[in-house]
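Chains as they are written, first to last, in my numbering: chain Z, 1 to 111; chain E, 112 to 588.
Rather than coming from a laboratory, the hints here were simulated on the basis of the structure.
A couple of the hints might just be wrong.
[Claimed, not checked] Derived SDA-like pairs (lysine to any residue); straight-line CA-CA distance at most 20 Å:
#1 Lys21/Z x Leu564/E
#2 Lys109/Z x Pro134/E
#3 Lys21/Z x Ser575/E
#4 Lys109/Z x Gly563/E
#5 Lys21/Z x Lys498/E
#6 Lys109/Z x Leu12/Z
#7 Lys537/E x Tyr526/E
#8 Lys203/E x Gly291/E
#9 Lys498/E x Gly563/E
#10 Lys109/Z x Asp379/E
[Stated by the list, open to error] In silico negatives: residues of chain Z with every beta carbon more than 10 Å from chain E:
#11 Ala9
#12 Thr53
#13 Glu59
#14 Arg61
#15 Pro99
#16 Glu107
#17 Ser111
[To be verified] FRET-style restraints, in silico, Cβ to Cβ:
#18 Lys49/Z x Trp586/E: 43 to 49 Å
#19 Phe530/E x Val89/Z: 36 to 42 Å
#20 Gly250/E x Phe52/Z: 40 to 46 Å
#21 Met29/Z x Ala543/E: 31 to 37 Å
#22 Gly250/E x Ala85/Z: 55 to 61 Å
#23 Phe52/Z x Glu400/E: 44 to 50 Å
#24 Phe2/Z x Leu139/E: 41 to 47 Å
From the three backbone atoms N, C-alpha and C, an ideal C-beta is built for every residue, glycine too.
Listed below are the residues making up each chain.
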Amino acid sequence: MFLEAAVFATILLGFLGTVWKQNLMMKIMAMDVMSTGVIAYYVLAAARKGVFTPIFLPERRVDYADPVPQAVILTAIVIGLSIQALMLVGVMKLSRTHPTLEARDIELKNS
Amino acid sequence: MAHLTIVWIASAFCWGFLIYLLPRLTRLLALLGGVGSLGYGLVLAGQAEPVRLRLLDHFGVSLFLDGLTSFFIITNALVTLAVIFALWESEKSPFFFAQVLMVHGSVNVALASTDWLSLYVALEVLSIAAFLLVVYPRGERVIWVGLRYLLVSNVAMLFYLVGAVLVYESHHSFDFVGLGEAPPEAMALLLLGLLVKGGVFPLGLWLPMTHGEAEAPVSALLSGVVVKAPLLPLIRCALLVPQVEPVVRLVGVGTAVLGVLYGMFAQDTKRVLAWSTTSQVGFILAAPEVGGFYALAHGLVKAALFLLAGQLPSRRLAVLQQEGMPRALGIPWTLACCSMAGFPLLAGFGAKVLTMQHLLPWQVWGMTGAAVGTATIYAGAFLLPWKPLAVPLTAGFWAAMGVLLGGLAVANGVYDEAFTWESVWKSLVIIACGWGLYWGAVRRVGVRLPLGLERLEHLLGMMSVGLVVLFWLVWSW
């Protein structure tokens with residue numbers, strides 16, 4: 001229960017960061033915090049019935065973790081990483097003309 | 112058919128990666144991808160039985176393709192083909208064409224998959240490829256627009272992922288069907304993700320600026336097919352889960368009305384077209400069971416309009432009204448505008464009639480208003496004077512127009528029962544009202560609607576509001 005609350009707090013704080021933070025770099029970092037929360041939630045969902053690594057051995061009689069959410073979130077981690085990398089490249093380009101990277105300034109100039 | 116489906120899904124990506132290895136054959140390979148999809152879509156449309164595929168047991172990938180899907184696949188294929196033709200003689204690098212195929216392939220996957228995780232992967236790949244196409248000119252403005260798009264869509268997809276795991280916990284699979292048994296918060300989270308990606312009011316207001324600022328062929332691709340990818344899953348959920356249907360219908364009406372309202376008063380041609388895309392998304396969602404045909408009609412016309420808008424001498428509507436448009440573009444432009452407004456003998460007419468017949472009583476007034484508004488928007492564009500201006504038009508451009516407008520004429524035959532005296536008369540009255548509204552009011556008053564909702568902070572902030580409202584809607588219905 002405590003873990004679940006902590007995970008949701010991470011997700012919400014990350015989301016709040018994307019709205020609240022003015023610096024574009026910080027917005028992206030906040031998005032990463034949010035995705036960390038989501039990944040943790042998948043891990044938590046996998047560990048509901050057991051925490052042992054899901055490698056089946058006949059002589060081992062323990063409660064295995066659910067492999068499906070773990071496998072699935074691996075894909076999402078990879079995708080999140082590549083999107084993050086792409087956005088950082090974009091930010092690098094923008095920082096030449098807008099060294100402060102204030103989202104509001106860039107927006108005003110480009111809308 | 113199962114084997115064919117898998118080959119078809121993989122082929123677009125294969126051709127795309129092959130372009131990197133054989134850059135000389137770029138345009139040919141890109142064309143192959145489009146033609147393959149067109150062929151598959153036509154074969155699928157002729158099938159009586161839907162195709163069901165389930166790979167790796169109940170928690171794996173599941174695909175489902177039926178007649179509804181075939182409309183979307185054909186739209187995707189025709190628009191991609193048209194964009195490739197339009198860029199045939201351009202200087203675009205093989206990288207660009209490879210990304211076009213990535214967009215094409217991931218849209219195909221998103222249309223075919225009926226489990227939350229495959230859909231997630233497809234939509235994320237789609238947004239990466241679309242981002243790369245938008246920022247291809249590497250100007251500061253497009254980079255900002257692209258970043259904004261990526262940030263908004265990725266945050267929305269994170270909410271979506273939480274919803275997906277909630278479905279898994281209650282149903283032990285990621286199938287769309289599981290949504291019915293899932294708690295309301297799962298439904299709200301998943302719907303939020305799809306609505307934001309689909310550019311639905313008031314969550315998807317990233318759309319007008321993104322579609323307006325991209326290059327013309329990229330806008331054609333974005334408006335023609337990319338927004339359709341999250342719409343089909345929304346339609347599927349609405350048909351599968353009774354609690355979702357009223358929500359989808361409601362946001363459909365809201366989007367249609369809001370989109371035309373903004374579109375009427377926009378001053379920039381591409382922005383007008385982009386706002387019109389927002390409103391047409393509403394039309395597709397307002398009657399989910401017949402949304403496929405509407406998506407086809409809209410995709411073809413909007414792609415044609417964006418390609419044409421790219422050839423106009425100015426983007427400002429006021430300048431165009433003074434100086435006129437090149438005579439060579441006149442006929443395709445008029446045809447496309449007529450189809451958008453729902454003029455008989457073009458596919459837009461059949462699609463509108465079909466949608467209007469499947470509305471619920473409480474939707475009728477809103478959607479009729481939106482139809483009148485659409486006619487008003489295109490009255491402004493329709494009445495541009497034709498002038499003998501010279502524009503460099505390539506053969507590829509005309510081939511693209513041939514594909515899109517030819518498709519429009521052929522699609523007209525899909526629903527020929529639409530041609531009753533009553534519906535023809537009704538649509539003419541709607542168009543007349545729209546034109547009257549344009550001449551009487553819109554042309555004279557220069558209203559500037561506030562664009563604050565399009566700011567990045569508000570786009571993100573609206574998601575929290577949207578989440579609360581969606582939760583309440585799903586929970587109370």
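How the hints compare with the structure:
no. : hint                           : in the structure
1   : Lys21/Z x Leu564/E             : 18 Å, holds
2   : Lys109/Z x Pro134/E            : 38 Å, violated
3   : Lys21/Z x Ser575/E             : 16 Å, holds
4   : Lys109/Z x Gly563/E            : 14 Å, holds
5   : Lys21/Z x Lys498/E             : 51 Å, violated
6   : Lys109/Z x Leu12/Z             : 30 Å, violated
7   : Lys537/E x Tyr526/E            : 17 Å, holds
8   : Lys203/E x Gly291/E            : 46 Å, violated
9   : Lys498/E x Gly563/E            : 37 Å, violated
10  : Lys109/Z x Asp379/E            : 17 Å, holds
11  : Ala9                           : 13 Å, holds
12  : Thr53                          : 18 Å, holds
13  : Glu59                          : 25 Å, holds
14  : Arg61                          : 22 Å, holds
15  : Pro99                          : 13 Å, holds
16  : Glu107                         : 6 Å, violated
17  : Ser111                         : 7 Å, violated
18  : Lys49/Z x Trp586/E: 43 to 49 Å : 28 Å, violated
19  : Phe530/E x Val89/Z: 36 to 42 Å : 53 Å, violated
20  : Gly250/E x Phe52/Z: 40 to 46 Å : 53 Å, violated
21  : Met29/Z x Ala543/E: 31 to 37 Å : 55 Å, violated
22  : Gly250/E x Ala85/Z: 55 to 61 Å : 21 Å, violated
23  : Phe52/Z x Glu400/E: 44 to 50 Å : 47 Å, holds
24  : Phe2/Z x Leu139/E: 41 to 47 Å  : 60 Å, violated
In this structure, the earlier hints numbered 2, 5, 6, 8, 9, 16, 17, 18, 19, 20, 21, 22, 24 are contradicted, and the remaining ones agree with it.
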